[in-house]
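There are 2 protein chains.
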Amino acid sequence: MTQDPTSERVATRLFVEEDLRAGLALGLDRERAHFLRSVLRLAPGAALALFNGRDGEWLGRLDAVGKGWASLVVEAPRRPQVREPDLWLAFAPIKRARIDFVAEKASELGCSLLQPVLTRFTAVERVNVQRLAANAREAAEQCERLSVPQVREPLALDRLLGDWEALNPPGATGVGRLLVMADEGGAHDRSLPPLAEAIRAAAPRAPEGRWALLIGPEGGFAEPERELLAGLPFVVRGTLGPRLLRADTAAIAGLALLQSEVGDWR
Amino acid sequence: MTQDPTSERVATRLFVEEDLRAGLALGLDRERAHFLRSVLRLAPGAALALFNGRDGEWLGRLDAVGKGWASLVVEAPRRPQVREPDLWLAFAPIKRARIDFVAEKASELGCSLLQPVLTRFTAVERVNVQRLAANAREAAEQCERLSVPQVREPLALDRLLGDWEALNPPGATGVGRLLVMADEGGAHDRSLPPLAEAIRAAAPRAPEGRWALLIGPEGGFAEPERELLAGLPFVVRGTLGPRLLRADTAAIAGLALLQSEVGDWR
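So the protein sequences, as listed, match chains A and B.
Numbering-wise, the first sequence is residues 1 to 266 according to the UniProt record's numbering.
Numbering-wise, the second sequence is residues 1 to 266 according to the UniProt record's numbering.
There's no promise every hint is true.
Reference listing, derived: stretches of chain B covered by chain A, where coverage requires no fewer than 3 residues with Cβ under 8 Å from a Cβ of chain A [unchecked claim]:
# : region
1 : 17-30
2 : 42-49
3 : 68-74
4 : 234-247
Across the chosen pairs, the derived CB separations fall in these ranges [unchecked claim]:
# : chain 1 : residue 1 : chain 2 : residue 2 : range
5 : B       : E223      : A       : V129      : 54 to 60 Å
6 : A       : Q81       : B       : E223      : 26 to 32 Å
7 : A       : A230      : B       : A222      : 31 to 37 Å
So, partial list: chain B residues that the calculated Cβ filter (under 7 Å) puts toward chain A [said to hold, decoys possible]:
#  : residue
8  : P193
9  : P194
10 : I252
11 : A253
12 : A256
13 : L257
Hint data in this document are derived by calculation from the structure and do not stem from the laboratory.
In this text, all values refer to a predicted model and were calculated from it rather than measured experimentally.
Cβ atoms here follow ideal geometry from the backbone N, Cα and C, with glycine treated the same way.
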């Protein structure tokens with residue numbers, strides 16, 4: 001500990017499950033040990049940043065490293081844990097490269113939870129939740145956030161909406177979580193408000209700051225699904241302009257508007 | 001022409017260079033002929049939508065198709081040309097999959113021009129402008145816009161900034177193009193305003209609606225570059241929140257905020 005732990009340059013950031021405290025020794029799994037040794041080419045003594053979503057960021061140091069194993073020692077706190085936006089992304093699964101991309105971007109954009117949703121026109125029904133979680137974790141490590149998004153098993157849209165109030169019980173203010181829907185029909189339906197405006201108008205209804213973004217499949221929502229969504233009290237609808245956006249673009253754009261209007265970009 | 005040309009369902013949209021008028025016969029290049037015949041499996045009589053960035057969208061029909069060739073006939077107008085946002089994206093080139101992705105997303109998000117920019121820390125110096133243009137064109141065809149973004153040859157940042165006023169002469173209001181910069185240093189510099197707020201505050205200075213977004217390389221701007229940018233009268237700086245965004249994420253998020261605040265999502 002020759003340098004200030006809050007400013008020492010670190011080779012990489014790692015998410016770990018363990019409670020973090022000074023002096024703790026940690027072993028890494030095979031894959032991450034390989035990454036430190038063979039990709040980053042770190043030697044014992046290399047500084048790392050560690051976080052677990054609860055205890056803030058800590059300075060750690062590589063103690064020893066071999067083929068397929070590595071051990072670290074936790075040294076000192078670098079940054080306190082901060083409250084992060086309570087923002088879900090509910091999205092219809094899409095093709096492999098694009099869904100990996102959505103998980104990465106949602107993590108960078110500060111989502112707290114990723115919920116794959118199966119809709120009528122969802123073409124991809126199998127979701128590798130573990131791979132999504134790994135992508136989200138790697139993005140969290142790179143973007144300096146202090147948590148990783150939770151990734152849930154896929155749920156049918158009907159189930160998600162039917163259980164919404166149970167999943168998101170009203171808080172002290174009597175309001176649960178608002179579900180923002182970038183309605184791709186908006187490209188043709190000029191009566192919908194711009195999404196940023198819709199979020200701004202709904203914000204007083206969500207004083208506890210619980211939000212979710214719903215992104216449909218490439219084929220859009222089926223008409224009965226859109227009617228169901230339009231009638232729900234917790235759904236906020238808006239448009240992302242006159243062009244037809246791909247699902248991954250709509251997810252990133254919608255999350256950017258949410259963070260900008262009601263999240264931690266303000 | 002048995003159906004209303006404005007509502008007939010089309011198999012695909014194609015960007016063409018030619019002036020569009022009823023009765024015009026068009027030949028397609030090898031690659032696109034192959035796409036229509038072998039990927040979409042279209043037969044003569046199939047309806048297509050055509051646009052060239054000037055004449056709106058037209059209904060066309062596949063006249064004949066063979067191995068490596070196809071001919072179309074232009075039938076009737078479907079949609080008039082509309083004025084689209086005058087929005088540039090100036091970005092430091094990044095690795096192959098991600099730069100393809102930026103070109104696709106910028107096109108969907110309505111950019112009028114893509115300008116690769118070489119900065120001090122730009123790791124990728126060679127840019128395949130033709131491939132970028134092809135990605136941007138395909139995205140334009142899919143997202144229903146009526147133009148394709150222009151893609152320029154890379155330019156050094158110093159050159160771009162030095163020639164800015166010449167590239168963007170003041171309009172009737174005495175104002176050229178504003179350059180919005182999502183300053184990745186903002187993750188650590190809490191004095192910068194949120195980007196949406198910075199855009200809103202600058203909007204009265206750009207009544208003719210000419211905007212550009214500047215995205216730096218993964219390594220960020222060098223300190224002299226940031227100082228130069230901060231001192232220029234046409235540069236608008238803001239932050240995209242507390243997380244360090246990848247260049248491709250920052251590009252999409254920044255374009256979404258621009259379209260939402262001052263573009264055609266309003």
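Legend entry - Coverage claim, chain A over the region 234-247 of chain B, checked by counting residues with Cβ within 8 Å (three needed): Three-residue rule met by the region 234-247 of chain B, so holds; n is 8.
Inset, instruction - Kindly confirm whether 31 to 37 Å is satisfied by the beta carbon distance between A230/A and A222/B. - result: About 50 Å separates the Cβ atoms of A230/A and A222/B, which means 31 to 37 Å is violated.
Inset, instruction - Indicate whether the distance between the beta carbons of E223/B and V129/A respects the range 54 to 60 Å. - result: violated (42 Å)
Legend entry - Hint status (Cβ of P193/B to nearest Cβ of chain A, threshold 7 Å): With a minimum Cβ separation of about 10 Å from chain A (threshold 7 Å), the hint on P193/B is violated.
Inset, instruction - Let me know if the C-beta of P194/B comes in closer than 7 Å to any C-beta of chain A, holds or violated. - result: It holds, given that the least Cβ distance between P194/B and chain A is near 5 Å, below 7 Å.
Inset, instruction - Examine the region 68-74 of chain B: at least three residues should have C-beta closer than 8 Å to a C-beta of chain A. - result: violated (count 0)
Legend entry - Hint check: 7 Å Cβ-Cβ cutoff, A256/B to chain A: holds (4 Å)
Inset, instruction - Could you see if the CB distance from Q81/A to E223/B stays within 26 to 32 Å? - result: holds (31 Å)
Legend entry - I252/B as chain A interface residue, shortest Cβ-Cβ below 7 Å: Where the cut-off is 7 Å and the nearest Cβ of chain A is about 5 Å from I252/B, the hint holds.
Legend entry - Coverage criterion applied to the region 17-30 of chain B (partner chain A; beta-carbon cut 8 Å; 3 residues): violated (count 0)
Legend entry - Restraint check, 7 Å cut-off on beta carbons, for L257/B near chain A: holds (6 Å)
Inset, instruction - Under 7 Å, Cβ to Cβ, is where A253/B needs to be relative to chain A, so tell me if that hint holds or is violated. - result: With a minimum Cβ separation of about 4 Å from chain A (threshold 7 Å), the hint on A253/B holds.
This entry does not satisfy hints 1, 2, 3, 5, 7, 8, going by the numbered hints stated previously.
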